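Asker: Listed here are the chains, written in short residue letters.
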Amino acid sequence: MASHVSRRQILAAGAGLFAMLPFRAHAQSKTLVVATFPGTWNEAHRNLLAPYFKKRTGASVTQSIQLATEQLAKLEAAKGGRAPFDVAILDEPQVYDAAKQGLIDEYPVAKSPNFKDLFPAYQDKWGPKISLQVIGIGYNPKKIKTPPKSYDDLLNPAYKGRVGLTALNSQLGMAFLAELNRIKGGSETNFDPGFTALKALLPNVGAVAANLGAYATLWQQEQVDIAPYNFNFVQTLKAKGVPVEFVVPETGLVGWTTSLHLTRNAVEPDLAVAYIDSHLAADMQSEMEKPPYDIIPTNSKVPLSPAIVDTVARTPADLSKIRGFDWTKINPQRTALIERFNREIKL
Amino acid sequence: MRRGNSSPTLLPVSDEWPLALPLAALFVVCFVAPFFVLLALSLHADADMMTFSAAQYAKFFGDAFNLSILWSTLWLAVRATLVCLVFGYPIAWVCSRAPARWQSALVFVVVLPILTSVVVRTFAWIVILGREGVMNDVLRALRIVDEPVPLLFTETGVIAVLAQVQMPLMVLPLFATLSRIDPNLGDASAALGAGAWRTFFRVTLPLSAPGLVAGCILVFSACATAFVTQTLIGGARLVYMPLHIYQQAIGANNWPFAATISVVFTVAVMIVLYALNRAGRMSKAYGDDR
Numbered sequence: 001m002a003s004h005v006s007r008r009q010i011l012a013a014g015a016g017l018f019a020m021l022p023f024r025a026h027a028q029s030k031t032l033v034v035a036t037f038p039g040t041w042n043e044a045h046r047n048l049l050a051p052y053f054k055k056r057t058g059a060s061v062t063q064s065i066q067l068a069t070e071q072l073a074k075l076e077a078a079k080g081g082r083a084p085f086d087v088a089i090l091d092e093p094q095v096y097d098a099a100k101q102g103l104i105d106e107y108p109v110a111k112s113p114n115f116k117d118l119f120p121a122y123q124d125k126w127g128p129k130i131s132l133q134v135i136g137i138g139y140n141p142k143k144i145k146t147p148p149k150s151y152d153d154l155l156n157p158a159y160k161g162r163v164g165l166t167a168l169n170s171q172l173g174m175a176f177l178a179e180l181n182r183i184k185g186g187s188e189t190n191f192d193p194g195f196t197a198l199k200a201l202l203p204n205v206g207a208v209a210a211n212l213g214a215y216a217t218l219w220q221q222e223q224v225d226i227a228p229y230n231f232n233f234v235q236t237l238k239a240k241g242v243p244v245e246f247v248v249p250e251t252g253l254v255g256w257t258t259s260l261h262l263t264r265n266a267v268e269p270d271l272a273v274a275y276i277d278s279h280l281a282a283d284m285q286s287e288m289e290k291p292p293y294d295i296i297p298t299n300s301k302v303p304l305s306p307a308i309v310d311t312v313a314r315t316p317a318d319l320s321k322i323r324g325f326d327w328t329k330i331n332p333q334r335t336a337l338i339e340r341f342n343r344e345i346k347l
Numbered sequence: 001m002r003r004g005n006s007s008p009t010l011l012p013v014s015d016e017w018p019l020a021l022p023l024a025a026l027f028v029v030c031f032v033a034p035f036f037v038l039l040a041l042s043l044h045a046d047a048d049m050m051t052f053s054a055a056q057y058a059k060f061f062g063d064a065f066n067l068s069i070l071w072s073t074l075w076l077a078v079r080a081t082l083v084c085l086v087f088g089y090p091i092a093w094v095c096s097r098a099p100a101r102w103q104s105a106l107v108f109v110v111v112l113p114i115l116t117s118v119v120v121r122t123f124a125w126i127v128i129l130g131r132e133g134v135m136n137d138v139l140r141a142l143r144i145v146d147e148p149v150p151l152l153f154t155e156t157g158v159i160a161v162l163a164q165v166q167m168p169l170m171v172l173p174l175f176a177t178l179s180r181i182d183p184n185l186g187d188a189s190a191a192l193g194a195g196a197w198r199t200f201f202r203v204t205l206p207l208s209a210p211g212l213v214a215g216c217i218l219v220f221s222a223c224a225t226a227f228v229t230q231t232l233i234g235g236a237r238l239v240y241m242p243l244h245i246y247q248q249a250i251g252a253n254n255w256p257f258a259a260t261i262s263v264v265f266t267v268a269v270m271i272v273l274y275a276l277n278r279a280g281r282m283s284k285a286y287g288d289d290r
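Residue numbers (our numbering), protein chains in the order written: chain H, 1 to 347; chain W, 1 to 290.
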């Protein structure tokens with residue numbers, strides 16, 4: 001039976017009910033609502049970017065900490081009405097979906113003076129790339145004396161119950177599965193080798209964090225001693241005194257770009273662009289690149305920091321050589337992958 | 001009940017009923033209406049929501065994976081409720097029989113956990129249950145175990161934390177009913193020759209049934225739907241219904257299926273609550289007959 005009641009209409013009915021509630025009250029001084037990721041990102045954005053932006057515009061920032069997938073779901077739910085936040089922060093895979101679903105606007109380059117300073121590869125029309133996130137292996141040097149060399153080391157029986165993973169709703173989880181799959185001979189269209197490898201790994205896995213925020217706690221509590229992890233998350237934890245080190249596996253780093261976007265029907269579009277542009281400024285990116293955040297810069301005027309040069313890339317040209325995945329091929333399988341992952345790992 | 005003739009078995013309908021209207025309106029706007037939106041969502045066949053059908057329900061019930069999640073969620077909540085009951089009943093009893101000046105202090109201690117956010121409490125439990133956590137340190141110091149035992153990311157851990165987090169919901173209603181029981185009834189029972197256990201099972205327990213049922217209803221529904229505790233302590237390998245809904249809605253972006261799981265879950269929880277309520281009435285009737 002076909003019906004003409006669309007997703008939009010049903011949601012509009014729901015949204016209409018919620019519209020009666022004053023969710024976003026306007027204060028006298030302007031406030032910009034921005035999305036940010038848990039971990040390194042919300043700390044850097046709160047401690048560095050928000051004050052910088054306030055000095056530039058006089059407006060204050062309210063953070064909403066959520067993963068990229070969560071942002072898409074919320075924007076989709078609010079479609080047709082006002083956006084629940086004005087700036088979205090997305091990882092590469094979600095950008096394709098957000099653009100396709102009409103959740104973000106094209107970035108108004110003319111209003112963003114710092115945009116032209118980015119390396120050309122990072123000047124995306126849907127929103128500037130603010131950084132590159134790379135994953136390798138994090139390990140606890142107190143517990144593991146020989147630094148791991150490859151992802152195969154996660155299978156070492158000595159690490160029974162010490163290996164950590166995150167669920168596939170985080171980009172860390174998804175990218176690790178894709179990389180494991182690639183190493184074991186799979187491709188973007190065939191994840192069987194990846195799942196076989198995952199199954200072999202499970203006896204060693206002591207924790208699959210359902211929540212990326214909880215993942216950091218597991219390292220702090222030394223519940224997890226070795227696991228795939230983001231370079232800058234490791235750096236941030238290290239600066240807090242958590243015993244954790246980052247190594248680049250023999251198979252190399254895997255990375256993806258992270259970008260900021262102006263959401264469609266944003267309440268404060270001009271402020272949103274000013275906020276995004278602030279993130280692109282050379283002086284801002286130089287600050288963010290310092291420990292404890294170690295956020296890899298995308299502005300061509302910012303030299304790479306010693307920590308980044310040591311571990312990730314000697315030159316900006318090296319950055320562009322970091323392996324990524326064809327997310328346009330993986331995205332359509334996301335639902336199926338999540339479902340398969342849940343079935344395989346369920347106790 | 002201003003009118004003296006209203007009988008306690010009938011609903012106390014009086015002129016004050018319009019006072020309930022604001023709450024009823026809020027309930028309709030914030031619960032009933034969204035629930036129907038949810039129901040409508042669940043009746044779509046595909047993620048693009050173009051066709052109406054019951055296909056999502058067929059998918060849910062046709063897959064043992066989903067049913068096992070539903071079952072393990074309900075079973076988890078039952079066990080956590082029982083733990084709350086076993087530990088909460090004595091606490092409520094002690095509170096209700098304590099001297100008045102101690103009573104308020106004891107009740108304050110019981111309520112104390114609610115004053116902290118559930119997220120904070122749950123994170124604290126990660127510190128307690130972790131491999132290098134307080135619990136394992138104590139077990140090792142006492143030489144009960146040599147190697148740390150896994151507590152975090154186990155069902156035992158989830159039950160323990162749920163029981164602690166929801167304990168006030170069990171103790172408070174029990175305390176309220178227990179403190180209304182006339183202490184003379186216990187004395188009378190003893191005077192007539194009943195032992196302490198017999199008095200407990202034949203007098204105290206039936207009389208406290210309303211509080212017991214209320215406590216179980218509150219704790220059961222809170223435990224079954226405790227997304228934060230289940231996911232932080234249980235992790236992603238112990239999938240319960242709230243996490244399943246979250247993953248389908250947010251991770252997989254499959255709203256009709258997420259809505260279906262939600263509807264099924266709501267109905268399942270309501271069935272359990274109805275059964276609890278029935279059991280409570282039966283035990284009340286039992287108490288009244290004596």
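Calculated from the structure, these hints are not laboratory results. There may be inaccurate statements among the hints.
[Said to hold, decoys possible] Below 30 Å or equal to it, Euclidean Cα-Cα: the simulated BS3-like pairs (lysine-lysine) are:
#1 W:59 x H:74
#2 H:129 x H:301
#3 H:199 x W:59
#4 W:59 x H:30
#5 W:59 x H:329
#6 H:74 x H:142
#7 W:59 x H:143
#8 W:59 x H:346
[Claimed, not checked] Derived, one-sided and incomplete: chain H residues facing chain W with beta-carbon distance under 7 Å:
#9 211
#10 248
#11 291
#12 331
#13 335
#14 342
Computed from a prediction, not measured in an experiment: that's the story for all the values here. Each residue gets a CB set at the ideal place from its N, CA and C atoms; glycine is no exception.
Asker: Could you work out which earlier hints the structure fails to respect and list their numbers in ascending sequence?
Answerer: 4, 6, 7, 10, 11, 12
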